[in-house]
Every structure is written in structure tokens, then in C-alpha cells.
Amino acid sequence: LSGSNASTEVIIAKIHAMYGKRLTASNYRDLVNKQSVAEIAGYLKTNTWYAETLTDINENSIHRGQLEDILKKLLFLNYTKLLRYINGNQFEFYSYILKLNEIEQILICVRLLNAGKVGEYIFSLPIFFADNASFDLFKLAQVKNFTSLIDLLSDTDYYTILNKHIPNEDNLIDLTALEVSLRTYYFSCIFKSINKIYNGIDKKDLTNSFETEIDFANLINIIRLKTNFDISIDEIRLSVLPFRNKLSKGQLEQIIKTNTADEALNLIKQTYYGKIFNNFSFEYLEQYSQQYRYDYYKYSFRFSQSQPAKVVAFLNLSQIELKNIISIIEGIRYKIPSSEINKLLVGVE
Amino acid sequence: MQMVNIVGRFDSINNVIEAFCRFGNLHPEDTAYLLEGTNGFNSIDQINPKRDSLDRINNILMLSNIPTIYTDYDDLNLTETQINEYSNNFFNSFNLLQSQKSGLEQLISSLDQAIIHLSQIKEMNIKLDDLFNCKFIKIRFGRLPIDSYQKLKAYDDNPFMMFFPTLFEKEYVFGVYFTPNSCHDEIDEIFTSLYFERFRISEQAHGTSTEAIQSLTKQYNEEQIKLTTVQNEMNELIKKEEIQLEKIYCYIKYQYESFELTRYAAKNGDNFYLVGWIAEQNITQFKAIFDEVDNVDCIFEDVSQIKNETKKSSNDENDNNLCIKPVSPPTLLKNSRFFNPFEEFVNMYGLPSYNEIDPTPLVAISYTLLFGIMFGDLGQGLTLAVIGYLLFKFKNMFLGRILIRTGISSAIFGVFYGSVFGYEEALNPFFNLIGLKHKPIEIMAPENTNIILGVAVGIGIIFIIIAIIMNIINGIKHKDAEKLFFGQNALAGLVLYISVILSAALLLLFNLNILSIVFVIFAIFIPLIIIFLREPLSKLVERKKDWIPENKVEFFVQNFFELFEIILSFVTNTISFVRVGAFALAHAGMMTVVFTLAHMLGNSPNIFVIIFGNVFVIIMEGLIVGIQILRLEFYEIFSRFFAGEGKIYKPAKIDYISRL
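As they're listed, the protein sequences go chains A and B. The first sequence lines up with residues 61 to 409 when you count with our numbering. The second sequence lines up with residues 453 to 1112 when you count with our numbering.
It should be emphasised that the hints constitute simulated quantities derived from the structure, not laboratory data. The reader is advised that the hints may include incorrect statements.
Capping the alpha-carbon separation at 25 Å, the derived lysine-lysine pairs in BS3-like fashion look like this [claimed, not checked]: (1) B:Lys-991 / B:Lys-931; (2) A:Lys-81 / B:Lys-847; (3) B:Lys-622 / A:Lys-141.
The structure presented is a predicted model; accordingly, all values stated were derived computationally and were not measured.
If we strip away everything but chain A, and leave its shape as in the complex, we get:
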């Protein structure tokens, strides 16, 4: 085996071994029937692979947020474990997870600035990520206004983006516009690194994977905005990410221009993604989107011939599992019946 092939084999074996430990349908069934966060923590600690990080916690006194933080930390640690097997030249691509986390932190901070709760960032600060971020997260916790945020990020690529979103007199930052700019930057970086590092099947599968994610995110986003918000067509257009895969520019524009969510849905049904939207339910919009992501990444994980595409699929499947657990924790915390919690779960099999 050549060096790179050996590393490919190792990483494929590693992600398969990690995926093999995923939660089963019976784990999910037991979890949704638990009565408290403590019971969930206890179950995860004794019956699942999460035991390796939960061994030392006291499930009787654990807080919901603390449990969620631990699970998020584990997800990130798994990613860093995989990085050990990545060849140096591929790191530029794989650092997309770091960028995603950085953007998430900036958006949390901006949301708190808008809400006037700047001091609260420290509570959600992910310590496990602090050493990997390209800016000081502890300083992010001390940000008092948008200007100090921009100053903090002056040495990073985010500086130019944030500079375009300086708030008006009301001091409120246009969060949607900022989010679109940051996500556009994020996907541009991904596509740039894919084009630079990969070719052949790797390039094809990776590009397809991210572009499909964008297509679907755009469609769901349009339906969400048309269903839940009284928002103009121009505003919807601005909230759409400027990338496409299986949707033509005309199709997307027509969908944006519709007056209601139903009309948009009817047009979507005529696109490449039509079949997927046949049993669409407005009530479980988020789950619908997650279900599609799950199906797509599961297929990619099993059948893609590309090693990086398989890794991306694995990371996404792990993230979906984490979302499932968080849904269960929150469902139980807010006393939602187990039959309703079940509807929030994705990929239980």
C-alpha cells in the first residue's frame, strides 16, 4: 500500500468502527421512555458508547445543558481523532468543521449582542473548541458591542464580512444577512479547497454532497419563511445561499416568487427533489430536512467510492445522532409524550 492508500484504508476502517457503535432503534426506544434527564444520562452512561465520556459524571445531579455540552464535546473529539489520520494536504478541506464551529460562535455572540445579554456567552463557550479556533473565544466572551467584535476578528477572514454588516443607529445587527454572508463564505472556502485538493470521484462526490445540502437547505428555508413569517420576496431572495446543484436558476427564482408555501411546495414537487417532497409535512419541517440529510449521507457512507465523501457522511450522521439525543433530552425536560418525541427523531433503525 502506498502511504496515502494506507491512510485511506485506516480512516475508512476507523469511521466504520465508530459508526458501528451508533445508537440502535432499541436504544432510542429506551431513551424516549425515560422520565428525566438524569435517567437519560444514566442510560447513555451504562448502555451506549457515550459511556467513555460519561463515566465520571454523576447522572443524578447533571444539568440538561451540561449533558448536551458533554455530547457536543464528544462529537468534536471524534472529529479531532479522525484528523490524526488525515494527510497534511487534505487538512485545508477537513478544517471546514472548524470554520463551521467558528461561524456558530460568532453568530451566538451576535445574537446575544442583539438581545443585550453579552455577558452570557461565557456559559455556552465550548472549551473543547477554544484551542482550535482562529480567534480567542475568551475574548469573544468579553465583547461588549459590534465594534469590539470586529476588532477581535481583525486578523481573520471574518473581519471583511462583518465590516459589511455594521449595525444602524438602533444598534441591531441584521442577523439573517450576516448569517447568509458567513455561510456563503463557509461554502466558498469548502468548494475552493475541494477544487484545489481533489479530483475525480473525490471532487465529484464532495461537491455533490455540499451542493445537495445547500439545495435542500435553500428549499426548506424558503418554505419555512413563507410558512412562518410575513416576509417579502426580495427578503427571501437575499436569504438564499448563492449556490445550486440540481436546481436551475430559473426554478429557484420561480419558487422564491410564489405567494404561499403551498405554491412553493407544488413547484418544488416538479424539480429534481420532487419525489422527496411527496409526503411533506409543514408541522415537522426540521425533521423532514434532517431525514433527507440522513438518507443522503447514509447512502453516501455506504456506497460512495470517495474516502473524504464517506468521512463527511460519517460526520453528518454523527451530528444527526447528537441532534436526536438533544431532541429526546429536551422532549423529556418539557414533558412531551414519548409518541411525539419519536416523531422528532431521524434515522431510527
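Based on these hints, arrange chain B on the given structure of chain A.
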């Protein structure tokens, strides 16, 4: 297999469901789906009324760790209200004990933490009450998650955030913080948001630290005893009520699943219609049970009567025409005890359709035979059989039953090869005793190599011919001219294959050339032409008008290449069986290597190398041979006659085991 049409008044449907659960051999079809397009028939899509009751009892069983098994509930003389009352009472008693248990666990845990804390300040030797009664400051003992502890540096500029760590653990930092009375609300809130777990030592610990540790340890032990008592009470409660709860569960589960089974029926006004399948031998029993159900009629139809096209019949109650979608009967495999473990291999490929030959007996015979030939060793074969028996006995694995058969076959061929755990001469005394000069088959003799490979190909030829004959039989059953006469696996293919093999065999073995012009024309050329023209010929026999291909050039080019592929597949499929002989040789070869290695480590053969070598060969070669034969079955044999498009015969039953 017979199709049964059950028609009756909708208020009798529960009796029907009860009857067919008792009968246990009816495979129901989704009738509403089959009748889609017929006016008036709808599916039954109400919410199951027993859903909540089942959820509740499932929850109780899960909490009390009672397994879901079938328990006879005929003597459960309780009304719905009494069942609910009983379940609620049990749930309340259990919950009371459960909350006592978690309360005690929490208390024990907090005592444990308090002891840890006090141990850290043992040296200070001050009165704890003095410490907690300070006038201007509050003292909080507790622990912070390690991540939160790191976040404290963000409060470096806050003079009132004072946390003093006393003990570092992997995930937590134990310690104490002090806060002035004037701002303790704000500081407490910050620490709470950082998931600080406070231990209220002040309520439990008095005197000096050493005295407090002693008193808390005493309390800790007392609470442990209380916890054991509560646990015992819970166990006793479960033991006392277990059977009654299981009965209630089975009763509710029956009602829930019965309702789910009604969904197979279609509803039309006050009537229902249900279609299902039963095996011929169960019809008498079925009639006897259904005769007792009032307001219900059953009409039987033989499979041969059901055409694979939309059928129309008249409904007695309504004058609407019934349009039933075509539906194929399910397949129930019936094989003898020797053959039936091999059904799993067939199922991996696909289930035979109702009127298709079940290939299980062929698989069973060929698999067992080929395994013996390829892995012939008396000792290793018997070892495999014993392993197979243990896997079957303790794990109930179908592979265990297959291993028993293949192990015995391997042992029988091992006798012919004279091989016991690789000792090739071990059976010589036995052969001498029965009057043989040497063992019947000398695998490793160079002069035998070609014979072994040739015999392997010969066995392959026989299996391929059997596969073609089975396809011809399927052709007769399906009344399919292409399968019967014209295809590569029909009579034309059979004549071609046998002629070529025969002429080649006679030429090579006896130097006898039978390839006369007449033979070539009738036995090779004409079958080839028939195979080439198989599609138009079969259409012509079926009297279809479009038998002449529209695009003749395309037809010629496509069929020319297909014919080329067909001839190639005959050759490769036959040659493929060389592996049977090759593995027989490889097996003996690998054991020779094991013995050579065993002799290399000293003057006498090393027994550990021989044992390890045998284990290695049994595992590795056993696995490879097993997979290779399966490959031969699926590619070389099945592809000639077996479509595997059947659906499994799954009679409706109440599943008491799975919780849902």
C-alpha cells in the same frame, strides 16, 4: 396455496380476527390496496383505541424490568376499568418506592461528596458551624465541571468571583467559593450557569471536620441500609404482581394487534372484505373455525383460477364491480430436516415465486458435497460438525446446522483422502485392515492433479445440466416457450451444451471425433440459431403479432453480442468449477506447510504449531471454501434458472414479544 375471500358484516370483524389469530395460518393481503379503484371500498384508518393502554402497560413493564412474554390470560377476569385501576395502583406504589430510592441515592451521593469535601479541609481543624455562620460572607462547597472551571478566567476582573479548588478529578474540580452577602445572588447565578453542583454541607456537618466526617460516614452507612430495604421492597412488589401484569399486557397487546390486523380489510358501508392466502392442507381446519363465526362468508379460489390480470367479479351485497389488482401468492418453503437449514442461503438470494422450483434441495446436496470435496479431512470435518452443533445448540444459528452437515461431509471425504488433522498417513492401518494397499484417493500425488481438476469440472457440468433442466421445468410450469425451448437455459441450450461437452470429452479422453457435418448442423448450429432467434420465436409461439423485430439491424447486432456472451458464459461457468479441485489440492497443500513448519522448530514436530496450524486452516479455509461454494451456487447455478422474486408466506399472528 388457496386464496380466501372473507366477506361479512363489519360488526363481526373482531370475531373474524379472533378466529384467524386462533387459526394462525392465514397470510392476509392489504385488501384496501388491492381494491383501490373500486367504488365504496376504503381502508380502515382510525387511530388504534388501545394505543394509550398499551403505552401505559409497556411503560410499567419497562420500569419494573418485566420481560414481554406470552402468558395465558384466559383467567384474567377484569373489566377495562378494573384493569386501569389495577395498573394505576401498581404504577403509584412502584413510583412511590422509585422516588424513595432516587431520594436515597441522591442523599447517599451528597453524603459521599460531603465526606470528600470535608476530607480536603480536615487539617484546618475549625468548627464548621462558625464557618457557615459568618456574618458578611457566604460559603458554598461544591464542584464545577472541568470545562466550567476553565471558564472562570473570564471573570478575572470580577473581585467577587473567588473559587478555591480543593480536589481535581477527571471531569470535575471540587472546591469552595466565597461571596459577600451583598452580591451573593448574582455570584450564585453565575456559578449555577456554570453548572456548579452545590453540596449543602452546612445542614449535615457540625463540629470539626474530623467529627463531621465520622458522623456523616455513620449516616452514609445507615442510608445504604435503607436503600437496600427499598430495593428489596421494589423487588418483592414486582415479584408479587409480575404474572398479573404480564396477563394484562398480553390482553391489551392482543386487543391492540387485533385492531392492527383489521387494517388488512377493506370497509364498504357496514361490510368488510378481506383477502388472504392459506395452504391447501389447512383448509379443513380453517373451515371448521370459520363456520363458527356468524355473518361471515368465505370463498376459496385456487391459484390456477387466479389469472395474473385484473379480474372482475360481482359482489352479492352491492352491484358494484370488484376490481382486484393482480396479486401473486406467497411462498411457503417446505423441506425435509436435512435440507431446511439451507433455506437461509436461498433466502439470501431471493425467495422462489409460488410456481417456481424451490432450489433448496439442490443447494443442500451440492453445498454439502462440494464442501466435503474441497475440505476433506476426517478430524477437521468432525471438529467443524461439533462447532456447528454447539453454535446451533447455544446460539440457535442456522449456520451451525449447516456446519454439522458440511462437517460430516468433510469427514467422509477425509476418509477417502486418508487425512486426519493433516496427518495424511493416519488412516493407512485402517485401509490395510480392510484389504486396501493404499488410501482410495491420493490428493498430493502429482499424477492425480489433472484427474482431480477434471473431475471437478465434470461435477460442474452435471450441476449446470441440472440447472438447465430445472429452468426447463420452470418453463413448463410457467408455460413460457422461451424458458422451455428457445433460451440458452432451455432445450436449445441444453442440446448445444451437451453436444459441445460430449464431443470435447470424447475427443480428449478417447480421441474419438464425432464432429461430423450432420452433428455440427443439428447439435450445434441449429441450437445456436434458435438461441439467436429466441425472442421472435417465443412471440411467434405465443401468437403475438409483433414477433418480427422492428429494427432488424439493431436486433441482429444486439443478439450477436448476446450470443457471444452466452457461449462465453457456458465456458466460464464450466471452468469455474475447477476451483472445487483446486481447493481440495490447496487444503492438502496448506496442511503440508503446517507440518513442514512444525518440523522446522526441532527434531520432533512441534505440537503447538500443528494445533495452531489446524485451527488456522479450519477457520481460514473453512470460511473461504464456504464462501466460494456459495458463489458457485449463486453465480453458476442460480443464474440459470432461479429468479427469486417470491414473497414470504407470513401468517398473521399476535406478536407478544416485541414492545412496539
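Exercise. Within a Cα-Cα threshold of 25 Å, do A:Lys-81 and B:Lys-847 meet the stated pairing?
Worked result: This hinted pair holds, its Cα atoms lying about 22 Å apart.
Problem set entry | Given hint B:Lys-931 paired with B:Lys-991 - CA-CA distance at most 25 Å | holds, 13 Å
Exercise. Does the alpha-carbon distance linking B:Lys-622 and A:Lys-141 stay inside the 25 Å limit?
Worked result: Measuring from Cα to Cα gives roughly 19 Å; hence the hint holds.
Every hint, counting from the list given before, is met by this structure.
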